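> Sequence:
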Amino acid sequence: MSSVASSRWPLVALALVLHACSDDDGSIVVSDAGADAGADIDTIDVGDAGDGPPDLGEDLGPGDGGVTDPSLIFRGIEPIGNGRLFVEIRGNIATTKNPVVLLSFLPGMGSEYWAPLVDPVFGPSGINEADRAVAYVDLLAQGRSSLASSDESLVNAANQLQSLGNTIQFMKDRFFTETTRFDLVGHGWGGLMAALYAASNPGSVGRLVLISPYPANIDVHAEWIANYRTDGRHDTRALTDLTNNPQCGRNLDQCAIDSFRIYAVPWVCEGNEDVFFQDLEVFHANFLGDRLVDLDLRNQGDAYDFAAAIAQIQAPTTVLTGDCDPIPEANFQIYTQIPGALRVRFPESGFFPMVESPDAFTPALLEALE
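The numbers in the sequence shown follow the numbering used here, run straight up by one, and end at 380.
These aren't lab readings, by the way, just hints derived from the structure by calculation.
Treat the numbers as computed from the prediction; the structure is a model and nothing was measured.
Cβ coordinates follow ideal geometry from the N, Cα and C atoms, glycine included.
There could be a bad hint or two in this list.
[What the hints assert, rightly or not] Per label pair, the in silico range of CB-to-CB distance:
| hint | residue 1 | residue 2 | range |
| --- | --- | --- | --- |
| 1 | 162 | 318 | 28 to 38 Å |
| 2 | 213 | 184 | 11 to 21 Å |
| 3 | 321 | 158 | 25 to 35 Å |
Turn these sequences into a full structure, and let the hints steer you where they fit.
Here's what the structure looks like:
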């Protein structure tokens with residue numbers, strides 16, 4: 011299993027990045043201590059890990075397949091582009107408000123962790139459920155999505171971005187025929203994907219919310235890797251033992267999830283580790299996406315630079331960041347390059363403000379989408 015360990019190790023560096031800087035740069039600072047996200051001051055159950063994905067193209071809307079949840083519009087794996095892509099849509103498709111698309115934090119991790127975290131906003135009992143449709147999307151080789159062929163060379167950043175565009179077009183054609191714009195909420199890697207889509211499709215994005223966005227160029231990515239390797243909170247031995255275990259090789263997708271639970275500990279504020287383990291529910295991963303997309307970016311070298319593209323974003327943008335994130339440059343870089351972007355900071359959070367500071371995160375997300 012040494013080959014598995016060596017191929018798996020780049021995931022240690024595959025993290026998400028954020029910003030921790032003073033509030034003299036125009037940022038809004040919020041906390042869970044009764045703070046209003048607008049003040050300038052100092053779910054949905056998608057199944058257990060053992061649940062298999064729906065059949066290809068299976069529509070599990072209300073009354074179909076025994077599903078009785080009235081908020082579920084569609085759940086299925088569709089042949090889209092060069093992949094079989096997972097899409098779940100909930101809420102109200104008759105609304106005049108833009109549908110919200112939720113994107114995941116790593117190139118291989120599924121979007122289902124979002125469901126219970128935004129349930130207070132968009133779930134069956136949520137305050138906005140009646141006037142929003144929400145889509146959970148897994149990009150190519152991410153979560154429950156997969157390649158349509160065995161050609162692993164197709165698993166790269168450009169094709170994941172293309173799969174986002176293809177999925178949005180699929181939803182427009184099938185469910186939102188009168189819709190011209192979608193609101194994108196991207197976390198980590200999903201934040202970078204959302205930003206790049208918004209930059210190249212200005213007429214298709216209403217509002218853009220980026221949470222701890224992934225590095226936009228190779229230099230910030232390399233610094234993030236270096237900082238991570240010197241952080242004393244990650245358990246290198248436990249990660250090595252896991253990836254050297256034959257069981258890891260028998261189920262690489264599950265191994266990706268188990269590894270994440272080890273290497274992501276330094277991404278949260280000290281003292282928030284228990285909340286991170288308890289409240290972040292990750293059930294689906296794709297090892298190929300987790301490994302190959304990051305390798306693709308690093309192999310690009312200096313060509314891995316999206317700064318100029320991000321500067322073209324026209325959609326109103328909010329960047330949500332936590333002060334404890336392991337590297338500040340990534341989201342600060344994106345925040346400063348997007349014209350007119352607003353940044354909201356969570357002093358008691360790291361990379362996962364939705365679980366570390368939920369009482370502050372929920373109103374901040376609502377504010378960003380209004």
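> Evaluate each hint against the coordinates.
Hints versus structure:
1. Remark: the range hint 28 to 38 Å for residue 162 to residue 318 is upheld by a beta-carbon distance near 29 Å.
2. Between residue 213 and residue 184 the C-beta distance comes to about 20 Å, which sits within the given range of 11 to 21 Å.
3. The hint said 25 to 35 Å for the Cβ distance between residue 321 and residue 158, and at roughly 34 Å that hint holds.
This entry satisfies every hint, going by the numbered hints stated previously.
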